[in-house]
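Trainee: Chain by chain, the residues:
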Amino acid sequence: MSGMDFSPFFSKVAARVVPSPLREFFDALQTDETYIKLAGGLPEPELFPLKSVALTLPDGTNLEISSKDLVAGLQYDATAGRKELIVFLTDLTKRLHDPPTWRTPGSPDAHCIMTSCGAQDGQYKVLDLLLNEGDIILAGDYVYPNVLAVIIPRGCSVQHIHSDEQGIMPDHLEAYLRQWPKPGPGQVTGGKIKAFYCVPNGDNPTGIRYTEARKKALYKLASEYNFLIIEDDAYYFLEQRPLYKSFLSLDVEGRVVRLDTFSKTLAPGFRVGYVTAPHGLYRKLVAVSQTSTQGTSNLCQTIILTLLRKWGIEGFLAHCENIGAYYRRRREACERIAKKHLTGLADWRSPSGGMFLWVRFLGVQDSMPLVMGQLLERKCLMVTGSAFVAGTDARSPYVRISFSLATDRKMEEGFAIIAEELKKIREDLENKEQ
Amino acid sequence: MKMNYMRFLNKVSLGRKPSPIRVLTAILQQSPPSMISMAGGMPNVGTFPVESASFKLRDGTHLEMNPTLMKQALQYCPTPGMPGLVEWLKTLQERKHNQHGLLNMESVDLLVTTGSQDGICKAMEAMVSPGDKVLVETPVYSGTLAILKPMDCDLLPVRSDSNGLDPSDLEKTMSKWNLSDVKDKNSDIPKLLYIIPNGGNPTGHGLTLNRKKAIYEIARKYDLLILEDDPYYYLQFNEPYVPSMLSMDVDGRVVRFDSFSKLISSGMRLGTVTGPKIILERISLHMQASVMHASSLSQMLLLQVLSHWGYDGFDHHVREVTHFYKEKKDQCIRAAEKHLKGLAEWSEPSGGMFLWLKLAVPDTYPMITVKARSREVLFVPGNAFQLDDRRPSQYVRASYSTCTEEDMNTAFKRLAGLIQEEQQSAR
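Chain order of the listed sequences is A and B.
Counting along the first sequence from 1, when you hit position 161 you're at 161 in the working numbering, and nothing is skipped either side.
Counting along the second sequence from 1, when you hit position 174 you're at 1174 in the working numbering, and nothing is skipped either side.
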């Protein structure tokens, strides 16, 4: 396997980012106790007011954070993350994805893991490294708006590629890419197609799930047209078993960047996620983290580590399955109630996972006036489909309905209101036609 | 003077729009419980892995985070910060920086950031355009250099001495432009000035009040925005503290960065940005697309500690911290006087954690990275704080924060040996 050349992918600014050679020198020496160190600007931990932390879990168990762990959690630490947490995540990643770049010892592109402030921050940092003005990111018909918020202000664009219930359709993608010649070594397609972004399980907002076959076909195109694959897999752990093979598990060339998060499996308030990236990208990711967030809350990493140590990998996966089952029950309730009120007025495809129902209002071209108008007035909140499409003139008949928080009663009320409003629109249209 | 903030914001920053989902979340948070939300993809609090927590402080107090508070601590929170915490911190800023009532608090906002470093990073990314010139006092904090160097901008050095940035050098630098250049969109007149006004990193020096006033006048004259990076404000060794640039900011041209890393915890990643609403809104929009918000759990814990202390308790804690570092500083100066007389020069830090030593050698970088290894002692070579790190520097930065007095003496003794060795081999 020849090494991936990342130079055509980095933005002009990213090309100038270098990990500080001084930092690398010091990091190498930090562990050596014989050195007297007056180098690092570490505050004196004895002055931190917090002395001990004890957690109570929902099942009543008590977990004490050891004082050694707490001191580490309250102090500056390696930007890439607490070492013990990285070790756990490495074991977990090996178990679930068996990355091909890890099968050859000493591979220069071997994936490395870095913690981030949630997957959102990971996705931001990756895109930030890649984008020059005018660059293009490939995505499905609908994309999580916060991704658009990173790309569009940079003067870059998202190319929406037609998708079905298994994800982006390779034929459509190939047809789009064929307008340029295949890139030579050290080139990207058209000089500007940097990456393909997807949420392959319980996609936000459409709820679709990429099959292994579909992933393989897309990987082949990524290889032919030399673009990276950003696999944003926030809902992976909640999925019904068996889990589908990830892009990471197919990544023989070192072109997949995988984003994971604890936001849906543990809690979003921690702001802890992790990025699994080929080494050439990882080095720059750590460097840009050094100049911005300097990692993520070590205290939260420490609490998560304490929980994970208690559960072990099996316990963590079992915990995730329970949460997944909980959201599936909420989804069933949501669909049942939606069906009751909205049959004939709206349709949707049953989501494979995630937290959302992607509902199309029938006989409506643009859901925005209704959602931000009468529905908002009647205190019923949901997200318009147009929020998920690049371009200020986007119109969509879809709405994204979240079933994660709403109770059955609230959903009954909500869907009843939506049904009333849709009926009104239908009646108005019929009256106009007469 | 009415500030035109559009002058300072770059194209990318101005292109940022609020996330529709965060807007809906904000509506939800301000709404009565009768609101039916199927908007945000917020996880259900029933799935959170921690029910409650108990925190013990060094003074023996127990703080309880009950299930209600814990749910809030584990859920997404608004981008600018947890509401209760933002309120507490805004009041702190008013107490500390608005004693003379010069600030227009209506147009000042505050954001909680993932450490002040991220606040500075996001501010630079909002305001530096390709080709811009940015004024930085030199020597300059290496972390800020790391943000600015990859950007397509020119760094203009402004000299500093034992009283901080030298206003006459700032005026001299700016005098290359005409006052009319301020209104000229095509001019490359600098717009941003970055300073660490107290307990500087690396120098440990602090600006006097007169110098701060002079700098502010120059900023008014040339319409500069001042980025006041002040993590050591509460670590000033002399009271009363020198008032901040924010406290004299009648125009609204100061963006101030505070940090809890030296006071409460560096690992919790908590800092604040305080400044004009229009600028802070841009930083907040950037955060929406990246970190989303500083860790809710870190914020909740900080709020609990601060609420428990109250403003007086906070002052008391800060004094204890400063007293500790002042003693350390004294130990460090004594050790330097004992071992480095004739081999190095330094001036007394006014606050913070660092001693900036000028050694009687031509270049400290090879000395530290190669020879210090054999002497088993570590300092940061001064070139890390220069705009051009390839040029030689005679300086090293010594941190006295975590070193025992004994170790400081051993370290300086070894350093003295190193310097003498260098001088010998030069002959």
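Source of the hints: derived by calculation from the structure; they are not laboratory data.
What you are looking at is a predicted structure, and each value in this text was computed from that prediction instead of being measured.
Mixed in with the good hints there might be a few duds.
Claimed, not checked - DSS-like, lysine-lysine: derived pairs with alpha carbons at most 25 Å apart: (1) A:K310 <-> B:K1071; (2) A:K310 <-> A:K51; (3) A:K51 <-> B:K1326.
Trainee: It remains to establish, for every hint, whether it holds in the given structure.
Mentor: Verification of the supplied hints:
1. A:K310 <-> B:K1071: holds, 21 Å
2. A:K310 <-> A:K51: holds, 21 Å
3. A:K51 <-> B:K1326: holds, 23 Å
Going through the hint list in order, the structure satisfies each hint without exception.
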